[in-house]
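Colleague: Residue strings, one per chain:
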Amino acid sequence: EAEVAQSPRYKITEKSQAVAFWCDPISGHATLYWYRQILGQGPELLVQFQDESVVDDSQLPKDRFSAERLKGVDSTLKIQPAELGDSAMYLCASSFNRGKGYEQFFGPGTRLTVL
Amino acid sequence: GQQLNQSPQSMFIQEGEDVSMNCTSSSIFNTWLWYKQDPGEGPVLLIALYKAGELTSNGRLTAQFGITRKDSFLNISASIPSDVGIYFCAPRANFGNEKLTFGTGTRLTIIP
Chain A
13 EAEVAQSPRY KITEKSQAVA FWCDPISGHA TLYWYRQILG QGPELLVQFQ DESVVDDSQL
73 PKDRFSAERL KGVDSTLKIQ PAELGDSAMY LCASSFNRGK GYEQFFGPGT RLTVL
Chain B
36 GQQLNQSPQS MFIQEGEDVS MNCTSSSIFN TWLWYKQDPG EGPVLLIALY KAGELTSNGR
96 LTAQFGITRK DSFLNISASI PSDVGIYFCA PRANFGNEKL TFGTGTRLTI IP
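Respectively, the protein sequence lines represent chains A and B. Under the working numbering, the residue at position 5 of the first sequence is numbered 17, and the numbers go up by one with no gaps. Under the working numbering, the residue at position 48 of the second sequence is numbered 83, and the numbers go up by one with no gaps.
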């Protein structure tokens, strides 16, 4: 069964360092989402791509976060510099975009700890 | 902004018991989704509801889309150990590929 792949699964970094997360969506899924989940809360959207274009980055802290999906397939989310408050689970999801195929399927996430 | 309330926040039950949880909102939604998240993993889609009043089952899970379109409930019958986890409702205003708004989650624990 097709799955969303994410790496790394765990990342520990010191504040002020740069970190990057990678996501490979389910093949054929045109829409890709990055969510951030703080411990004890539900996921919240950071950025949404339709193919290679950003359609919603209203909740992305653009002073330190960036995201790209250059060829409309896999995507990278970067934080520079990392802050203590960035410690969270970063989830990638993808969806098809026809009929009822809008449902989002999530990857296993990257657990970030900033020291 | 919209308010999304999920209850209960946590449940402690014995194996074999039935479970019921719900989500209520101040806004109308056109889709209600229910996800389950295991510790350290991403959410997994359990049930999707697309029509007010719709009642849908997936094995021991049953979910309903409220008539007012402002609420939904999820029932689990005859709970088993693998049901442990956090359950999230995630409604959506439209039918398209827009972001999900997640509830606060219901943490289910099974007491031995």
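By construction, these hints were calculated from the structure, which means they are not laboratory data. Any given hint might turn out to be false.
[Unchecked claim] Part of the chain B face toward chain A, derived, beta carbon under 7 Å:
#	residue
1	PHE47
2	ILE48
3	GLU52
4	PRO74
5	PHE123
6	LYS134
7	GLY138
[Stated by the list, open to error] Partial chain A-side listing against chain B, Cβ under 8 Å, derived:
#	residue
8	TRP34
9	ASP36
10	GLN60
11	ASP68
12	GLY97
13	ALA100
14	LEU103
15	GLN116
16	PHE117
17	PHE118
18	GLY119
19	GLY121
20	ARG123
21	THR125
Don't be surprised by glycine CBs; every beta carbon is placed ideally from N, CA and C.
Colleague: For each hint, tell me whether it holds in the structure or not.
Modeller: Now the hints, each set against the structure:
1. PHE47: violated, 17 Å
2. ILE48: violated, 20 Å
3. GLU52: violated, 25 Å
4. PRO74: It is violated, given that the least Cβ distance between PRO74 (chain B) and chain A is near 10 Å, above 7 Å.
5. PHE123: This interface hint holds because 5 Å falls under the 7 Å limit.
6. LYS134: holds, 4 Å
7. GLY138: At 6 Å from the nearest chain A Cβ, GLY138 (chain B) passes the 7 Å test, so the hint holds.
8. TRP34: Since the shortest Cβ distance to chain B is 15 Å, the answer is violated.
9. ASP36: violated, 14 Å
10. GLN60: The hint holds - GLN60 (chain A) has a Cβ within 8 Å of chain B, the shortest such distance being about 6 Å.
11. ASP68: With a minimum Cβ separation of about 6 Å from chain B (threshold 8 Å), the hint on ASP68 (chain A) holds.
12. GLY97: violated, 19 Å
13. ALA100: violated, 13 Å
14. LEU103: holds, 5 Å
15. GLN116: holds, 6 Å
16. PHE117: With Cβ-Cβ at 7 Å, under 8 Å, it holds.
17. PHE118: At 4 Å from the nearest chain B Cβ, PHE118 (chain A) passes the 8 Å test, so the hint holds.
18. GLY119: holds, 5 Å
19. GLY121: holds, 5 Å
20. ARG123: holds, 7 Å
21. THR125: violated, 13 Å
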